[in-house]
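Student: Each chain, written out:
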Amino acid sequence: MTAKAYAVPAFSPRLLHVWRRNSLVWRKLAIPSMLGNLADPMLYMLGLGYGLGAMLSEVGGMPYIAFLAAGTVCSSTMMSASFEVMYSGFSRMHVQKTWEAIMNAPVTLDDVVLGEVVWAASKSFLSGMAVLAVASALGLVQSALALWVIPVVFVTGLAFAGMGLIMTAFSPSYDFFMYYFTLVVTPMMLVCGVFFPVSQLPAPFQVATQALPLTHAVELARPLMNGAVPGDIALHLAVLAAYAVASFYIALVLTRRRLLK
Amino acid sequence: MNHLRVSGLRKRYGEQEVVAGIDLELRPGECFGLLGPNGAGKTTTLRLCLGLIDPDGGEIEVLGLPVPARAREARRRTGVVPQADNLDPDFTVEENLLVYGRYFGLRQAEARARIPALLEFAGLSARAASRIQTLSGGMKRRLTLARALINDPDLIFLDEPTTGLDPQARHLIWERLRQLLNQGKTVFLTTHFMDEAERLAHRLAIMDRGRIIAHGAPRELIAKHIEPQVVEVYGDGAGRWAREFGQAHSERCEQTGETIFCYTHDADSLVHHLDQRSGLRYLHRPANLEDVFLKLTGRELRD
Chain A
90 MTAKAYAVPA
100 FSPRLLHVWR
110 RNSLVWRKLA
120 IPSMLGNLAD
130 PMLYMLGLGY
140 GLGAMLSEVG
150 GMPYIAFLAA
160 GTVCSSTMMS
170 ASFEVMYSGF
180 SRMHVQKTWE
190 AIMNAPVTLD
200 DVVLGEVVWA
210 ASKSFLSGMA
220 VLAVASALGL
230 VQSALALWVI
240 PVVFVTGLAF
250 AGMGLIMTAF
260 SPSYDFFMYY
270 FTLVVTPMML
280 VCGVFFPVSQ
290 LPAPFQVATQ
300 ALPLTHAVEL
310 ARPLMNGAVP
320 GDIALHLAVL
330 AAYAVASFYI
340 ALVLTRRRLL
350 K
Chain B
2 MNHLRVSGLR
12 KRYGEQEVVA
22 GIDLELRPGE
32 CFGLLGPNGA
42 GKTTTLRLCL
52 GLIDPDGGEI
62 EVLGLPVPAR
72 AREARRRTGV
82 VPQADNLDPD
92 FTVEENLLVY
102 GRYFGLRQAE
112 ARARIPALLE
122 FAGLSARAAS
132 RIQTLSGGMK
142 RRLTLARALI
152 NDPDLIFLDE
162 PTTGLDPQAR
172 HLIWERLRQL
182 LNQGKTVFLT
192 THFMDEAERL
202 AHRLAIMDRG
212 RIIAHGAPRE
222 LIAKHIEPQV
232 VEVYGDGAGR
242 WAREFGQAHS
252 ERCEQTGETI
262 FCYTHDADSL
272 VHHLDQRSGL
282 RYLHRPANLE
292 DVFLKLTGRE
302 LRD
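First to last, the sequence lines map onto chains A and B. In terms of my numbering, the first sequence has 331 at position 242, counting the first letter as 1, and numbering is strictly consecutive. In terms of my numbering, the second sequence has 228 at position 227, counting the first letter as 1, and numbering is strictly consecutive.
It should be emphasised that the hints constitute simulated quantities derived from the structure, not laboratory data. Just to be clear, a hint being listed does not mean it is correct.
Among the chain A residues that face chain B by a calculated CB cut under 10 Å, a handful are [said to hold, decoys possible]:
{"id": "1", "residue": "107"}
{"id": "2", "residue": "113"}
{"id": "3", "residue": "128"}
{"id": "4", "residue": "129"}
{"id": "5", "residue": "186"}
{"id": "6", "residue": "190"}
{"id": "7", "residue": "211"}
{"id": "8", "residue": "348"}
{"id": "9", "residue": "349"}
Covered, in the sense of this in silico footprint (three residues per stretch, anywhere, with C-beta under 8 Å from a C-beta of chain A), are these stretches of chain B [said to hold, decoys possible]:
{"id": "10", "segment": "20-27"}
{"id": "11", "segment": "70-84"}
{"id": "12", "segment": "100-110"}
Heads up, the beta-carbon is just placed ideally off N, CA and C, and yes, glycines get one too.
Generate coordinates for the entire structure from the input sequences, incorporating the hints supplied.
Tutor: Shown next as structure tokens:
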């Protein structure tokens, strides 16, 4: 079993059945779910953007609301992916035993876990896109370069879905997820350049934030939304992709050890 | 070809060997019962047969396919009714069947075509649009059984299918399982209800501490392992009666709490003696599978 727990993931197109199951459930409540997902980031973006922004001339070479909009696209993607794999994913894995039922059919755990990650990335993608659409409607998007934010958001969603799923695989109960939000998600919100430039941090912290995925998502999305080509595109994408792949693999190994014993 | 063939199967968790070298064979169209107290290794055996966990030794063949190597293919042709309900609470009754069919690769139209007959089989035609939370325990079980049939399986695994159901609901499940057997399905049933096994199973095996300690047809097992008649004696003086008379006039005499069980080939003298004696209630009955089970696995609690 030990060797098998670490085996290379084996996927099949059946992971789409898992994705589709979740999307069918989501469709039943799509509108309230989208509004609920949007409300929180919108309040922060508009409240701080216009309220706080009125007192600031420019942040990072742009109006504060535009600065914040790019950060909010990324942070709402992070939030949405994390919530989905942790709270909803834990329900399906542990409480409702939905995964168990699926694995009695010819679908393997590898398919289930990848299906869940891709689903969470898709759902968080919609959250990111909704914020992008609002930002665009408010005239906070400068050029068609912003279309490149679309793939960035999807990769960001994959990275945070994988990371959250590691917690799900560990978790004995819903309470456990609070630690992750308090110790990982909220700090990232604050230090990765969502609300203020990373350059405002003390030097050692600036270096540390380079290891965090949200930093790289923001450093791609912000220039793209403001009509500029980001620097170090390959590096930022590589970090996000590395987080996505590594966290998925770790989550899969942990889930195999939890469920296939 | 046998629908299930298990030989020398072993599974160990840490120090404990949960499945300690068992052999099983299921012939097409038969109902096979795996009996055992809690913790005997029944559910582990089932999970091994489905290829969800890997054995530490031995071989498994489901519908001619080696498991776990080709477990996914084998699961295309099997149905599973798990011990705990895991119906999808986010869907209605009908959607549960539809979505589950998709996991087997059924096209929407194919699944839709099968659903009315399955709902009727489950007695849930009128509840197609109901939410799962509104169903009774018996309805959920029947829906789980219908769900296990969505891929028209040849072999159906049921893990304690009637645990927690009221008598009416249990009888209905049994009736449905008989229908499936009449249709030629092969059924593998785990249970700790002796009456269930006695009613349904053509053959059964009693499992304890990872080993199969007896197997055969229910009647054969009773004839082979136990005296044909039982006299149960209840009441305050039962223990004294057993020491003074019962033990001497029966082949075996056991006490559980306040109750004495006398096993014998001829109960006439026991019954006659008890009739003379006021204050002791008794029951004279033929031996059943439960007596065999308790004799082989002991009377102490298993938690």
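Student: It remains to establish, for every hint, whether it holds in the given structure.
Tutor: The hints, checked one at a time:
no.: 1; hint: 107; verdict: 8 Å, holds
no.: 2; hint: 113; verdict: 7 Å, holds
no.: 3; hint: 128; verdict: 23 Å, violated
no.: 4; hint: 129; verdict: 23 Å, violated
no.: 5; hint: 186; verdict: 4 Å, holds
no.: 6; hint: 190; verdict: 4 Å, holds
no.: 7; hint: 211; verdict: 17 Å, violated
no.: 8; hint: 348; verdict: 8 Å, holds
no.: 9; hint: 349; verdict: 6 Å, holds
no.: 10; hint: 20-27; verdict: violated (count 0)
no.: 11; hint: 70-84; verdict: holds (count 6)
no.: 12; hint: 100-110; verdict: holds (count 6)
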